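Protein chains: 2
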Amino acid sequence: MQQRSEETRSRIVDSAVKLFSTSGYNKASVDDICAEAGISKGAFYHHFKSKQALFLGLLDGWLQTIDNAIEASKDKTAPETFMQMTEAFPYIFKTAGEGLPMFLEFWLQASRDKKVWEASIAPYRRYHRYFTSLIKKGMEEGSFVEVDPELASRMIVSTAMGLLLQSLLDPKGANWEKVARDSTELLLHAFLKE
Amino acid sequence: MQQRSEETRSRIVDSAVKLFSTSGYNKASVDDICAEAGISKGAFYHHFKSKQALFLGLLDGWLQTIDNAIEASKDKTAPETFMQMTEAFPYIFKTAGEGLPMFLEFWLQASRDKKVWEASIAPYRRYHRYFTSLIKKGMEEGSFVEVDPELASRMIVSTAMGLLLQSLLDPKGANWEKVARDSTELLLHAFLKE
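Protein chains in written order, with the working numbering: chain A, 248 to 441; chain B, 248 to 441.
What the hints contain is simulated information worked out from the structure, not anything from laboratory work. Mixed in with the good hints, there may be bad ones.
Identical copies carry no separate label here, and so any pair may be met within one copy or between two of them.
[Stated by the list, open to error] Using 27 Å as the maximum straight-line C-alpha spacing, the simulated DSSO-like pairs for lysine-lysine come out as follows:
(1) 425 / 321
(2) 362 / 341
(3) 298 / 274
(4) 288 / 440
(5) 296 / 321
(6) 362 / 419
(7) 361 / 425
(8) 419 / 361
(9) 341 / 361
(10) 274 / 362
(11) 296 / 384
(12) 341 / 274
(13) 383 / 440
Bear in mind that the values here come from a model prediction, so they are computed numbers and not experimental data.
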């Protein structure tokens, strides 16, 4: 039963990604998604409260590769954790690819609804807290020079968001995955003790 | 005559900013902007080819403070140029303030029109070229360590765009102007020779 439910959920998600990319976020209705997935509306609402909740679920799924890399390097040093994270980059940048209009439509809707908005920016706040503690850990274990952990974390999150934004705005402007990997090394270098 | 034309232009721009912020980019029509500015449609189209052209003009005006800082530090060293640029930050972050929905609406429209799109991302490509040459200059004058100028420039532009994006997404999440100033110093420090 559990397995069938999981299958239905991922069928909904796959159909939504397909329709959001082709028709756009606004045009693709819950009805369309159900038809594409071959499921009932009841089944849809069993898994997701709304189309917005589904999109937030997509976002979470997309960030899961980063979270997995973080989880996998729990017992490693802070510099090792940084390098581990680069393994999520190919997936992240490949998926972001042509998704700009879909993201813009979603953010525009979200910006008009305080509750959805708070949920939408939760991951970015979570990463800020995470990198703040990772920098602190690096200083405590003696790998990193003394910096303001809050500021260092803001810089890391800014670089990441700026790279993602550029890969959306200008997908062919650079090999963004490589730029992201090189930037990680450069940032890491700035924090490392000689 | 020249002066009166300039006055009309800035009246159009002020009215557009007001209407885009209150009604949104899509809802505010050229008619609305003319009525608000108290000018004829003919006068509008004398200055701007379209509403999109007007928005691109706004964007350029907004970036002008950065361009002015760059221009003002033509004869200075690369590190001095970086510090000079921070003087544009208060204006930049104050103006970005509550503009998120307006930006999103514009970008969404622009993303559907190849020509507008190219014009919209031109400034960001221009800054990439500029910072690449600034980093080269810093290395030649002996202020900066040897880095890949392209990569260093990508990092600077990423950080800037990431900070701007965060200030739009989460205006109250931090003192973004201060974070931007501190980040500039930290980046500069990473490039400086000991």
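Q. Quick one: residue 296 to residue 384, C-alpha cut-off 27 Å, is that within a copy, between copies, both, or neither?
A. neither (38 Å within a copy, 55 Å between copies)
Q | Up to 27 Å CA-CA - residue 361 versus residue 341, copy category | A | between (30 Å within a copy, 22 Å between copies)
Q. What label fits residue 274 with residue 362 when the C-alpha limit is 27 Å: within, between, both, or neither?
A. both (22 Å within a copy, 24 Å between copies)
**Q.** Homomeric proximity label, residue 361 with residue 425: Cα distance no greater than 27 Å
**A.** between (36 Å within a copy, 26 Å between copies)
Q) Given identical chains, is residue 362 near residue 419, meaning Cα to Cα at most 27 Å, within a copy, between copies, both, or neither? A) Answer is between; shortest inter-copy Cα gap is 16 Å, intra-copy 35 Å.
Q: Using 27 Å as the alpha carbon limit, work out where residue 296 and residue 321 are close: within a copy, between copies, both or neither.
A: Answer is neither; intra-copy 33 Å and inter-copy 56 Å both fail.
Q. Quick one: residue 419 to residue 361, C-alpha cut-off 27 Å, is that within a copy, between copies, both, or neither?
A. Result: close only across copies, 14 Å inter versus 34 Å intra.
(Q) With identical chains, the pair residue 288 and residue 440 could be close in the same copy or across copies; at 27 Å between alpha carbons, which is it: within, between, both, or neither? (A) neither (57 Å within a copy, 63 Å between copies)
Q. How would you label the pair residue 298, residue 274 (within, between, both, or neither) given a Cα cut-off of 27 Å?
A. both (11 Å within a copy, 24 Å between copies)
Q) Using 27 Å as the alpha-carbon threshold, which applies to residue 383 and residue 440: within, between, both, or neither? A) both (14 Å within a copy, 26 Å between copies)
(Q) As a check of your reading, is residue 362 near residue 341 (CA-CA no more than 27 Å) within one copy, between copies, both or neither? (A) Intra 29 Å, inter 25 Å, cutoff 27 Å: inter-copy only.
Q. How would you classify residue 341 and residue 274 at a CA-CA limit of 27 Å: within, between, both, or neither?
A. within (24 Å within a copy, 34 Å between copies)
The structure does not agree with the numbered hints 4, 5, 11 stated previously, though it agrees with the rest.
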